[in-house]
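There are 2 protein chains.
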Amino acid sequence: MNKKFALTIHGGAGTLLRENISPEQEKNIHAALRAALDAGSNVLSSCGSAMDAVVASVTVLEDSELFNAGRGAVFTNEATHELDASIMCGKTNGAGAVCSVKHIQNPIQLSRMVMERSEHVLLNGEGAEEFARLQGVSFVSNSFFSTDFRRQQLEEARLAGKVQLDHADKEKKFGTVGAVALDINGNLAAGTSTGGMTNKRFGRVGDSPLIGCGTFADNHTCAVSCTGWGEFFIKNVVAYDVAARMRYGKMSLRDACHELVMKKLAEQGADGGLIAIDKDGQVEMVFNSPGMYRGSVVMGEEPFTAIF
Amino acid sequence: MNKKFALTIHGGAGTLLRENISPEQEKNIHAALRAALDAGSNVLSSCGSAMDAVVASVTVLEDSELFNAGRGAVFTNEATHELDASIMCGKTNGAGAVCSVKHIQNPIQLSRMVMERSEHVLLNGEGAEEFARLQGVSFVSNSFFSTDFRRQQLEEARLAGKVQLDHADKEKKFGTVGAVALDINGNLAAGTSTGGMTNKRFGRVGDSPLIGCGTFADNHTCAVSCTGWGEFFIKNVVAYDVAARMRYGKMSLRDACHELVMKKLAEQGADGGLIAIDKDGQVEMVFNSPGMYRGSVVMGEEPFTAIF
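One line per chain: the protein sequences are A and C, in this order. Counting in my numbering, the first sequence runs from 1 upward without gaps. Counting in my numbering, the second sequence runs from 309 upward without gaps.
Be careful, since some hints might not be right.
No more than 30 Å apart at the CA atoms, straight line, and that leaves these computed lysine-lysine pairs for DSS-like [to be verified]:
#1 Lys311(C) <-> Lys558(C)
#2 Lys102(A) <-> Lys311(C)
#3 Lys263(A) <-> Lys587(C)
#4 Lys410(C) <-> Lys264(A)
#5 Lys263(A) <-> Lys250(A)
#6 Lys572(C) <-> Lys399(C)
#7 Lys263(A) <-> Lys410(C)
#8 Lys264(A) <-> Lys572(C)
#9 Lys399(C) <-> Lys263(A)
#10 Lys558(C) <-> Lys572(C)
#11 Lys587(C) <-> Lys571(C)
#12 Lys250(A) <-> Lys399(C)
#13 Lys587(C) <-> Lys250(A)
#14 Lys91(A) <-> Lys572(C)
#15 Lys264(A) <-> Lys558(C)
#16 Lys250(A) <-> Lys572(C)
#17 Lys311(C) <-> Lys250(A)
#18 Lys91(A) <-> Lys410(C)
#19 Lys311(C) <-> Lys399(C)
#20 Lys263(A) <-> Lys3(A)
#21 Lys558(C) <-> Lys279(A)
#22 Lys4(A) <-> Lys102(A)
#23 Lys4(A) <-> Lys250(A)
#24 Lys279(A) <-> Lys571(C)
#25 Lys410(C) <-> Lys312(C)
#26 Lys558(C) <-> Lys587(C)
#27 Lys250(A) <-> Lys571(C)
#28 Lys571(C) <-> Lys558(C)
#29 Lys335(C) <-> Lys264(A)
#30 Lys312(C) <-> Lys587(C)
#31 Lys279(A) <-> Lys572(C)
#32 Lys91(A) <-> Lys571(C)
Chain A regions said to be covered by chain C (calculated; three or more residues, Cβ under 8 Å) [what the hints assert, rightly or not]:
#33 86-100
#34 114-128
To be clear, the hints were calculated from the coordinates, so they are not data collected in a lab. Built from N, CA and C at the ideal position, the CB exists for glycine as well.
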C-alpha cells in the first residue's frame with residue numbers, strides 16, 4: 001500500500017469566462033464539483049478502489065444537470081440525446097465503453113458492466129442497450145435527459161445552422177465529465193462520460209468513449225480523462241499519448257501533460273484539457289482553453305475546485 | 309521526393325494452417341492479394357498518393373469474397389452484416405472512420421469521405437449512412453455482402469452458442485483487411501476495413517474503426533494497420549503504440565513492431581498481427597498467430613504474397 005489516495009475530476013473545458021457566469025451559477029458549479037469529489041473520496045478514504053471512486057464521482061456529475069453528460073446532456077439534431085462513456089482499470093488494463101446509448105441513466109456504470117461482464121470493450125447503440133437489459137439495468141425515457149437550457153441551445157444552434165459543441169454562440173465549450181483516481185493499493189482508474197455536441201448529426205462519435213483517446217489507465221504510468229475538441233483528441237490519441245511519453249520518453253506526468261496540451265494540441269488549435277494522476281499520486285489538471293470545470297482531492301488535504 | 313514507394317496489405321490473421329487450406333483456395337488467396345497489391349502499386353508507380361493507393365488496395369480486398377470485409381463479410385447474430393473501417397493520412401494526420409454501416413459497398417471509401425468532407429472523424433451506423441447519402445454514395449442491400457460460406461459459419465457459431473471470430477470451430481481467424489503505403493513524396497497512409505465477428509451481438513465494435521487502435525499514420529514515424537483480437541488491440545492502443553515507441557523510445561520500426569506483437573501482445577494471448585511502413589520505406593508484416601494473409605511490394609522489386 002502506498003497509503004496515499006488521490007482523485008481529480010472535470011466537468012468540461014472551453015471558453016468559460018467569469019463575465020458569462022453569474023455568481024449563483026458559479027456557486028452551483030463549485031457545489032456540484034465538490035459533491036462529485038466527496039462521492040469519490042468517500043470511497044477512497046474507506047479503502048475503496050480507484051474504479052469504485054471513478055464510478056461514484058462520474059455518476060454524480062452525470063446526474064447533475066449542470067454538465068453535458070447523463071441528465072443535462074445536449075440535444076442532437078433530431079432533438080434526442082445520445083450518450084457515450086468509457087472506463088479503464090489501470091491494474092488489469094481492462095476497459096469498457098458504450099456509445100450512442102439513449103436510455104441509460106448512468107453510461108459510466110454501463111461501461112463498467114461492459115468491462116466486467118462481457119468479453120468486449122466497446123458496445124454500440126441498441127446493441128449496448130440490449131446488453132444493459134440482460135444485465136438488469138433499468139431504462140429511462142430519452143426525455144429524462146432533457147433540460148430547458150439544453151433545448152434552448154439546440155434552437156440557437158439550429159437557427160445558426162451549426163453543429164455546435166455545448167456552447168452559446170460566443171462560447172466554445174466542451175461538455176464532458178470525467179474522473180481519475182489512485183487508491184491506497186496503488187491502483188489507478190479513469191472514466192469519461194459525455195452527451196456529445198449540440199445539434200450533432202450523422203452519428204458523430206467523439207473521443208469520450210474511445211479507449212486511448214478520451215480515457216486511459218495503466219498502473220505503470222498514469223490514468224487520464226480528457227475533455228475537448230473530440231476530433232483532435234482522437235487524431236492525437238491524447239489519453240494514451242500521456243502514458244507513452246512517460247513510458248517510452250521517460251517524462252514526468254507534469255511534463256507529458258504540458259508538452260501535449262499546451263504545445264502539441266494548442267498549436268493545432270485543439271482546445272481542451274485533461275486530468276491525470278500518476279502512480280505516485282501526482283495530480284495534473286491541464287487545459288489550453290480559458291477554463292475547465294475541475295477539482296481534486298489528495299489524502300490529508302482540503303478538496304480543491306475551480307473553473308477559470 | 310524520396311523516389312521510393314512501398315505498399316503492404318493484409319487480409320486477416322489467425323489459425324491459418326496449411327492442412328486446412330486446399331491448394332485451390334491457396335491459389336485464389338494469393339491471386340486476390342496480388343490483385344490488391346497491383347491496384348495500389350499502380351497508383352504509387354504513377355506518382356499517385358499513399359492515400360489513393362491505400363483506398364485502391366483495400367477496395368479490392370473489400371470486393372473479394374475471400375476476406376471478412378465488404379462482400380464476404382461475416383454475419384452478426386441477427387444474420388445481418390455490420391461493417392467498420394478507418395483511414396488516416398500521415399501528412400495531415402487527418403482521419404476518417406465509420407462503424408456499423410450496413411449498406412455501403414466500400415466502407416474504406418466512405419471513411420475517406422468522412423475525413424475529407426466532414427468535420428468529424430468517426431460516424432456511426434445510420435448517421436454515417438445519412439452522411440453517405442448526402443455525398444451521393446450509392447447503397448447496396450445488406451444481402452449484397454452475404455455469401456454461402458459465411459452463412460454456414462453463422463449456423464455453426466449459433467449451434468456452438470458462441471460469439472465467434474470468422475473461424476471454423478477449430479480455428480481462430482481474425483478477418484480484417486488493411487493496407488499501408490508510402491508514396492514517392494514521402495507521405496504515409498493507412499487503412500483498415502472489417503466485417504467484425506461472426507454471430508456478434510450487442511453492437512460490438514472492434515479495433516478496426518478506431519484511430520490509434522486499428523489504424524494510425526504519421527509522416528514523422530510510420531503508418532500501421534492491425535488485424536487481431538480487437539479487444540486486446542483496443543486496450544493496448546496498438547497502432548499508435550508502434551508510432552509512440554519509435555517517436556519517444558527511439559526504436560526502429562522493426563523493433564517497435566516485434567516488441568509489441570511478439571512480446572507484449574503475445575504474453576497477453578492477444579492473437580493477431582499488423583503491417584507497417586516507416587517514413588524511410590521499411591516494411592514490416594508481423595504476427596504472433598500461425599498465419600496472416602499478407603503481401604508487399606517495394607518499388608523496383610517483385611511483389612510478395614504469403615499466408616503462413
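Hint check results:
1. Lys311(C) <-> Lys558(C): 25 Å, holds
2. Lys102(A) <-> Lys311(C): At roughly 51 Å apart (the allowed maximum being 30 Å), lysine 311(C) and lysine 102(A) break the hint.
3. Lys263(A) <-> Lys587(C): Holds, at roughly 24 Å.
4. Lys410(C) <-> Lys264(A): 37 Å, violated
5. Lys263(A) <-> Lys250(A): 18 Å, holds
6. Lys572(C) <-> Lys399(C): 29 Å, holds
7. Lys263(A) <-> Lys410(C): Distance of about 40 Å is beyond 30 Å: violated.
8. Lys264(A) <-> Lys572(C): 28 Å, holds
9. Lys399(C) <-> Lys263(A): Within the cut-off at roughly 19 Å; holds.
10. Lys558(C) <-> Lys572(C): 18 Å, holds
11. Lys587(C) <-> Lys571(C): The hint holds at about 24 Å.
12. Lys250(A) <-> Lys399(C): Holds. Lysine 250(A) to lysine 399(C) sits at ~27 Å (cutoff 30 Å).
13. Lys587(C) <-> Lys250(A): OK: lysine 587(C) and lysine 250(A) at ~24 Å, within 30 Å.
14. Lys91(A) <-> Lys572(C): Distance ~16 Å between lysine 91(A) and lysine 572(C) Cα, so the pair holds.
15. Lys264(A) <-> Lys558(C): 19 Å, holds
16. Lys250(A) <-> Lys572(C): Satisfied, since the Cα-Cα distance of roughly 19 Å is no more than 30 Å.
17. Lys311(C) <-> Lys250(A): 36 Å, violated
18. Lys91(A) <-> Lys410(C): 37 Å, violated
19. Lys311(C) <-> Lys399(C): Holds: lysine 311(C) and lysine 399(C) sit about 17 Å apart, inside 30 Å.
20. Lys263(A) <-> Lys3(A): 34 Å, violated
21. Lys558(C) <-> Lys279(A): Between lysine 558(C) and lysine 279(A) the Cα gap is close to 24 Å, so the pair holds against 30 Å.
22. Lys4(A) <-> Lys102(A): Since the Cα atoms of lysine 4(A) and lysine 102(A) sit roughly 38 Å apart, the hinted pair is violated (cutoff 30 Å).
23. Lys4(A) <-> Lys250(A): Roughly 23 Å separates the two Cα atoms, so the pair holds.
24. Lys279(A) <-> Lys571(C): 24 Å, holds
25. Lys410(C) <-> Lys312(C): Outside the cut-off at roughly 38 Å; violated.
26. Lys558(C) <-> Lys587(C): Distance of about 14 Å is within 30 Å: holds.
27. Lys250(A) <-> Lys571(C): Holds, because 21 Å separates the two Cα atoms, which is no more than 30 Å.
28. Lys571(C) <-> Lys558(C): This hinted pair holds, its Cα atoms lying about 18 Å apart.
29. Lys335(C) <-> Lys264(A): 48 Å, violated
30. Lys312(C) <-> Lys587(C): 10 Å, holds
31. Lys279(A) <-> Lys572(C): 21 Å, holds
32. Lys91(A) <-> Lys571(C): The given pair, whose Cα atoms are some 19 Å apart, holds under the 30 Å limit.
33. 86-100: With 6 residues close enough to chain C, the hint holds.
34. 114-128: holds (count 11)
Consistency with the previously given hints fails for numbers 2, 4, 7, 17, 18, 20, 22, 25 and 29, ordered from lowest to highest.
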